[in-house]
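Protein sequences appear in the order of chains L and F.
Using the UniProt record's numbering, the first residue of the first sequence is number 1, and each one after it goes up by one.
Using the UniProt record's numbering, the first residue of the second sequence is number 1, and each one after it goes up by one.
Distance ranges between label pairs, derived from CB positions:
hint, chain 1, residue 1, chain 2, residue 2, range
1, L, Pro108, F, Asp12, 40 to 48 angstroms
2, F, Gly420, L, Glu295, 27 to 35 angstroms
3, L, Pro243, F, Lys423, 16 to 24 angstroms
4, L, Ile102, F, Glu79, 38 to 46 angstroms
5, L, Glu357, F, Gly420, 17 to 25 angstroms
6, L, Leu64, F, Ala360, 46 to 54 angstroms
FYI, nobody ran anything at the bench for these hints, they're computed from the structure.
Note that this is a predicted model, so its numbers are computed, not measured.
Cβ coordinates follow ideal geometry from the N, Cα and C atoms, glycine included.
Protein chains: 2
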Amino acid sequence: MDSDQITDLVEDIAKRARKASLELATLPTETKNRFLLQLADRLVEESGAIIEANALDLEAAQALELSEPMIERLTFNPERIEAMAEGVRQVAALPDPVGAEIERLAPPKGFDLRKIRVPMGVIGIIYESRPNVTIDCAVLCLKSGNASILRGGKEAFHSNMKLAEIIRECLSATGICEDAVQLIPTTDRWALSVLLKQDETVHCIIPRGGENLIRFTVENSRIPVIKHYTGVCSLYIDAGADPEMAESILINAKCQRPSVCNAVENLILHQDAAELLPGLAKALHDQGVELRVDEKAKALLLASGLPLTDANDEDFFTEYNDLIISITVVADTNEAVQFINTHGSGHSDAIVSRNTESVALFLNGVDSATVYHNASTRFTDGFEFGLGAEIGISTDRLHARGPMGLNELCTYKYVIHGKGEIK
Amino acid sequence: MDSDQITDLVEDIAKRARKASLELATLPTETKNRFLLQLADRLVEESGAIIEANALDLEAAQALELSEPMIERLTFNPERIEAMAEGVRQVAALPDPVGAEIERLAPPKGFDLRKIRVPMGVIGIIYESRPNVTIDCAVLCLKSGNASILRGGKEAFHSNMKLAEIIRECLSATGICEDAVQLIPTTDRWALSVLLKQDETVHCIIPRGGENLIRFTVENSRIPVIKHYTGVCSLYIDAGADPEMAESILINAKCQRPSVCNAVENLILHQDAAELLPGLAKALHDQGVELRVDEKAKALLLASGLPLTDANDEDFFTEYNDLIISITVVADTNEAVQFINTHGSGHSDAIVSRNTESVALFLNGVDSATVYHNASTRFTDGFEFGLGAEIGISTDRLHARGPMGLNELCTYKYVIHGKGEIK
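Construct all of the structure, not just a fragment, from the sequences and the given hints.
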């Protein structure tokens, strides 16, 4: 396809999505759930065909010289397909967000005025290698009454096309407009540029992927973007903190799954909790964690004999996603708050403390989506919050902050019932 | 100033605003209100100086060959300054949105999890001729705990600089960081381009002005933008509607203040309500309204002898802001809904009806920020909704839709109190 053809194609997809979205907005919950359950079944039934399509991607992966972890993420097997289907069934079981009364207002004129949750309209999802995102995002958008336009990466092209075909078949079989979920059938970069300009028909763009993809999206989009940047999370141990709790939360937040965005990257100690540092560092070391220490932390750990790396300021801005931690010491909670607001990414930060004043200072002062007192940052997650499946964890402030579930895929409208009121 | 100097200046303003925002976020309500009340008093006391600065703008307006209505909007007099001060006092009287508990969640692990309203951070306001916007926006941002960066138009430069000076003096006198409200002291277009790239320090951009300004902002901003586009509002008269109510709502919605965004531009009649059209058209004509009719409406009005203009499709997409109305006839409520979703701007639309089914179809199907049953569209307004002063009426779907008051200038954070929970 040349660029004019791609332009026409993407514009047409966007227009059809908009039309479908108006139909989806008033679709009964029952119809949406019937589709979801059928899709779950069909995914399992079509495992063989999905794995066949996936094999083409895995073959191409060799030529693309993808890294082992990327190939890992790209690979489908029967267990993974079953897990994906189970995720779809879970979304079917979630309450329908559409139509809920968010608030009843009290206008001075006395007419009935309610704020009602409604779908956004059309959501564009831009993602990279994992093909399961195709299913995850399509079903969350559909359950929340939104049409979706999916734009996957070239690595998973064949897998994505097969999944989109199954989705389309199930939409058709359950009487839902087939344009409710559309995959852009080309991975040409131009298609993405065109999609980002369709602000008359597409209402929200959610990029899921690396920093380059997100940066490109933000710089080129006329459509509002909800971003899911890095998680540079910190744990602050206050003076007088319970030593056992401090260690248990630290080890959990750093080591339980270091590759995720809500894992801790920075450890900050109050100077009056300095005596805890050797023990905490030993516990981290025992778990295989590399210790990157600034001058102050280093001074407290020299006698420990533990292997230490010098941390520079850049380290405290870094999401390692690995068994590495940066450690610093501060004079007081105020300094800890400032340190986090300067170095963190506004994702999830925690204080371990028994001091009410410190806790209030920290929870109010740290400008992050989620702030914890005496709990692990690892709970920042739609399921752990009781919200169900999430489309991502927003590090933005507008519209959605933190885990973004079905409610956050919606907007609202004001509905007024009057008796002939005029101004 | 050359462009490098402007770049440095705007980057510095943004950084200082971000720093101030962290202080503002935890400022007591009392301090914010003390500032607001002092500002209101000082505006009145400084009326003379404000009018003097304004005179410089009015002088320049001659050279710029501004239109009469633009000069009208630009002009300050003691009454207008008093009204502006009164607006500030009203904001002082509104409840502080910051710190309110929006929701208490029920996480499976049982820790205490609350969603708390907090300020966004730094808000950039880009506006054109009216200098009172400087005060209106500064006080709404400050009351909601946000730092603001104001970028006014060149027409009101001297007035804006004077108002910013008074704001700064009152911030200082009440012990609030002076960088909480900053006016960019140049109207060079480059300053705007630089501001729109400060996505590390500025969290939201609100353009208030004409379509060109909004278009430029959307195309050049890396920062999320909340738009306030046109209001192409429609009134639909259903079959069997109460004739008196239909006329009263129509005349109010079209004529009470035709220049505003919530005034009606399109009249849509159900074909079985066609007998009402001559009376409604006569009533509109009596109010001086020009009637633009499509073929179907024309056929129903030919016998009336009223002066008619032929409407083309473009007319039904047009915000006249004037005593002009476009009229069409539809087969049923479904067609009316589709007509509005195609031609309207998603602002405010109304149905006059006694038929429950029609009403539900309309209120659910019309994809607009505010939908009315048996009331005038003129109520789409922060005060009429009981929300207090608004910074604008959003035609966007993300974050804020419809009137955007203090709550909508905030975001939220999740606050967790645990007892040592780990995952």
